[in-house]
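Q: Read off the chains here:
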Amino acid sequence: MLTLCQALNSGLRRAMEDDDKVLLMGEDVGRLGGVFRVTDGLQKDFGEARVVDTTLAESGIIGTAIGLALRGYRPVCEIQFDGFVYPAFNQIVSQLAKMRARTGGRTGLPVVVRIPVGGGIGAVEHHSESNEAYFAHTAGLRVVYCASPDDAHWMIRQAVAGDDPVIFYEPKRRYWVKGEVTPEDAGPPLPLDRARTVRPGTDVTLLTYGGTVATCVAAAEAAAPEGRDIEVIDLRSISPLDVATVEESVRRTGRAVVVHEAPTFAGFGAEVVAQVTSRCFYSLEAPVERVGGFNLPYPPAKVEEEYLPDLDRILDAVDRVLAA
Amino acid sequence: MTTVDLADPPVTNPFTGTTGLPRTSEGWTQLVTPDGRLHPEVDADRDALGRLTRDLYRGMRLARRLDDEAFALQRQGELGLWLQCRGQEAAQVGSVAAVRADDYVFPSYREHAAALWRGIGPADLLRQWRGVAHSGWDPEPYSFHIYTLVLAAQLLHATGYALGVQRDGSDTVVVTYFGDGAASEGDASEAMNIAAVNAAPMVFFCQNNQWAISTPTASQTRTPIHRRGAGFGLRSEWVDGNDVLAVYAVTSAVTEHARSGNGPAIVEATTYRMGGHSTSDDPTRYRTDDELKAWRARDPLARVEALMRAEGWSDEAFLGEIQAEADELADRTRRECLALEAPDLADAFATVLADVPQLLREERDAFVAYRASFLD
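In the order they appear, the protein sequences are chains A and B.
FYI, in the UniProt record's numbering the residues of the first sequence are 1 to 324.
FYI, in the UniProt record's numbering the residues of the second sequence are 1 to 376.
Bound conformation, chain A alone (with noise of 0.2 Å):
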């Protein structure tokens, strides 16, 4: 069993040991270990010219990584906070998400953005945000999230594998989890780009990611001895989105509830509704619902828990789409 932050930390190791060129940079990721700990004691075992404590520059980070893998390196760039990246964001959806484009498809650029996203840690502001949407709209990018120790493990390992930059989301209150990792000789659950149905079930599609999957986990659980059989899906990649899984779900339960941190206002659950209605109108039982944080700037961590989807407003969404 290992925390999602442990489990984040031996895949990076591994990518480490697979492949030479891989560096990880950030604010304070060597000697500290990072403010979270993800990277701890990596420095100690890699040295000071793969694990590199960088100035305090967002653009910084990310526009140099771009430029060491112009060289021939594999860059994993923390973020420290989710608020902290906007700095970085011309580096991020000028440079890095286009290069392979300007480039006519001859340059692609393997850097990995680690972000630590989202609330309910308490946090003050800038602290607490889901700026995917950001992302997701930007071509060029993979944006993933990781909600389990397993996932942690295999999807930074598979992210830094991969010839693409990508945006990886950590949901920082689900650091502390515990969970099973596959072992090695299992090899990876799924590919990266795959969702995941996490609870099967027959009567409503809980589409979800990040931090809110153990919360439609939870809801649907409290859910079932009223009878409501609710089937959860992890979406894991946000960008490129597994549409098929998630059409398969729907046209068999004819409800889907979409839930994330963001606020639903032009967030990313907007285009999941807008596939799920283009794909499954005609096995649609309900109009589909959104639940998500409101359209806000995250408020103050005392009243956090009011602004987050939690299990009461997401069995709220699922009264509705049932009623329908």
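Calculated from the structure, these hints are not laboratory results.
It cannot be assumed that every hint is accurate.
To be verified - Covered stretches of chain A, going by a simulated chain B footprint (3 or more residues, C-beta under 8 Å): (1) 51-62; (2) 92-105; (3) 139-148; (4) 233-244; (5) 261-268.
All C-beta atoms in this analysis are idealised placements derived from N, C-alpha and C, irrespective of residue type, glycine included.
Mind docking chain B on chain A? Use the hints.
A: Quick look at chain B alone, frame taken from chain A:
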């Protein structure tokens, strides 16, 4: 906190073999006066210096001819946009000629003279501006990265590349070009700082051409850009950017300085953008004829012509040869430009990621089918 003596070790002047670079009373390095007289301290082998000067002149003359032809092609509707490098040929040719062919260059978007020197041909230089691609060439054979249009982003790419060079134990030096406007971007400061902290083997080459579109340098920065070196911990040099031999000497000196493990350098080359920012610009709205006239008198090509005449390094035959070569390049530029055809948008779907995911495939197939429905 260790401090760095930024003048140590002293650099070597390639033309004198002595340490240090001659500075005028203005404080910059100038080896040839605007009227073509050579600095008295230059005592290099005159034949060798003559050969070098002729080579550099050829590079500048060819670049200007290509630049003029591209400008004409834009005015005739064959290019969507062109950014003239007229006036900056000495800064570009002098610097790129001073580094090794395998030293890696990260240009901004106006470095046509440097690109041409590296062997990048007219078709590759023009395709982006004709609107048939987002970049022109495969950087690898030329050690010359594609143009970057969001200013100063390339300074960080260059710095990262130099950090890779360092890890590889290679003796390559990375050179990156930027302008006085780009120097105001946060990425420029981040890059110089990161390069200095890591003693990255690189040269930040600033072509201060006096104007960032319509904003003069005086509105861009309160202190000369080369002085930032002291703040960040870079070796700093200031050079007359319209003096090709001075640019060559300074760039050569700081590049070898960086190659020897002494850390990065910044060069500010004071020059002038004689054209508009781009073919869409109208510089008469913000600068005076007198200013343009004063800089025309400092034309970098005219200065070399005067020098070559004075030193007996050129004759009618040499100038005639170059003229013929330039005319041929102009013909080739026009021919290659007109042959550049638009790509098939359907091919773009395969250039976004390493594979084509389901949704993108569906979108491409739907687009291709839709388009085909109009045929016949």
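Q: Against each hint, give a clear statement of whether it holds in the structure.
A: Now for the hints, and whether the structure bears them out:
1. Under the rule that three or more residues need a Cβ within less than 8 Å of chain B, the assignment of the segment 51-62 of chain A holds, with 6 such residues.
2. For the segment 92-105 of chain A, the proposed coverage by chain B is satisfied: 9 residues have a C-beta within less than 8 Å of a C-beta in that chain, meeting the threshold of three.
3. Residues of the segment 139-148 of chain A lying with their CB closer than 8 Å to a CB of chain B number 3, which satisfies the three-residue condition for coverage.
4. Figure legend: the segment 233-244 of chain A, annotated as covered by chain B; annotation consistent (5 residues with Cβ-Cβ distances under 8 Å, at least 3 required).
5. Given as covered by chain B, the segment 261-268 of chain A fails the check, having 0 residues with a CB less than 8 Å from a CB of that chain where 3 are the minimum.
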